[in-house]
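Student: For reference, the chains in residue letters:
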Amino acid sequence: MATTIESPRTPYSVPRKRGVNWEKWGWIYMRASGVLLIILIFGHLFVNLLLGEGIKGIDFGFVAGKWANPFWQVWDLLMLWLAFIHGGNGMRTIVNDYATRPLTRKILLGAILFSVVAEIVLGTVVIFAFDPCPAGSPADLLPSFCPVNQ
Amino acid sequence: MPENSAGTMTPRRPAGTLYRGREGMWSWVLHRITGVAIFFFLLVHVLDSSMVAVAPGAYNAVIDTYKNPIMGLGETALVAAIVFHAFNGIRIILIDLWSKGAKYQRVMFYVVIGLWVVAMLGFAPRHLINVFSEMGH
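Residue numbers (my numbering), protein chains in the order written: chain F, 16 to 165; chain W, 646 to 782.
Be a bit skeptical, because a hint or two may be false.
With the Cβ distance kept under 8 Å, some of the chain W side facing chain F (calculated, not the full set) [what the hints assert, rightly or not]: (1) L687; (2) G702; (3) I708; (4) T710; (5) R771.
A short, non-exhaustive set of chain F residues, derived as facing chain W with CB atoms under 10 Å [stated by the list, open to error]: (6) M45; (7) G49; (8) V50; (9) F57; (10) E68; (11) F75; (12) V78; (13) F99; (14) L128; (15) V132; (16) A144.
Just so you know, the hints here were simulated from the structure itself, not pulled from any lab data.
Here a beta-carbon is modelled for each residue, glycine too, at the ideal position from N, C-alpha and C.
Take these sequences, add in the hints, and give me the full structure.
Tutor: This is the structure we're talking about:
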């Protein structure tokens with residue numbers, strides 16, 4: 016029987032658990048979403064803070080006008096989902112690094128998960144379900160395409 | 646301190662800590678601090694944007710608070726944090742995926758700082774003029 020002697024520098028291989036390697040996918044996600052978020056957030060900041068009169072121009076009519084366009088709805092939806100999962104995973108990494116007591120860790124990770132899910136759900140509902148022309152609102156606060164302004 | 650092949654200065658004996666200082670550690674510290682700051686802003690930002698679903702006046706009232714000078718300085722700091730996190734994130738990706746990434750990690754840190762200065766020179770004056778010219782209203 017031939018005996019193979021491994022190179023001295025061959026790392027000791029720990030038997031891997033079977034199934035999906037979530038930490039690997041988390042690592043890949045942080046990089047892939049990070050690149051997309053640079054484009055999405057830089058575009059968001061440019062359009063909202065640098066074009067026109069910048070932050071002075073932001074009001075209900077501005078936001079309603081943007082979300083009347085499916086392009087900006089999808090843009091903001093992608094930003095919402097990608098950023099919260101990216102940020103939540105980053106916060107999870109930090110909690111895992113510093114929270115040494117199991118109970119503290121459990122509470123903090125639970126709080127992160129809860130806030131990420133709640134904010135994603137809230138943001139998604141608002142982008143698609145809010146009314147740009149609510150009845151009874153002062154016409155000068157509403158975007159120009161609303162019936163009261165026609 | 647001797648310089649090793651990775652271009653980092655390694656103390657002969659760790660002085661009671663595993664943290665080795667210099668560009669590698671400080672970029673990591675800044676990446677964490679800016680990331681946490683951006684996360685907490687994001688929590689607030691979705692809530693304030695959600696006021697559009699309550700009433701036009703409610704949204705305008707909350708967004709007007711973003712237009713005062715003190716908040717304007719905060720927004721400038723927020724954008725500074727975002728831009729650093731973005732550029733340093735690209736540096737991290739290059740360290741991981743580019744064969745020479747680890748070798749040039751220190752040079753890339755100064756490239757990140759340089760690009761950050763350029764981006765902030767483009768952003769800060771314009772934003773601060775927008776914010777501070779609102780003061781008389």
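Student: Each of the hints needs a verdict: does it hold here or not?
Tutor: Do the hints match the structure? See the list:
1. L687: holds, 6 Å
2. G702: holds, 6 Å
3. I708: holds, 6 Å
4. T710: violated, 11 Å
5. R771: R771 (chain W) check passes; min Cβ-Cβ to chain F is 6 Å, inside 8 Å.
6. M45: holds, 8 Å
7. G49: Holds - the Cβ of G49 (chain F) comes within 10 Å of chain W, reaching about 5 Å at its closest.
8. V50: Hint on V50 (chain F): holds, closest Cβ of chain W at ~7 Å, below 10 Å.
9. F57: holds, 7 Å
10. E68: Result: holds, 6 Å to nearest chain W Cβ.
11. F75: holds, 4 Å
12. V78: holds, 5 Å
13. F99: holds, 7 Å
14. L128: violated, 13 Å
15. V132: The hint is violated - V132 (chain F) has no Cβ within 10 Å of chain W, the shortest such distance being about 12 Å.
16. A144: For A144 (chain F), the interface hint holds, since the closest Cβ of chain W sits about 7 Å away, which is under 10 Å.
The structure is inconsistent with the numbered hints 4, 14, 15, although it conforms to all the rest.
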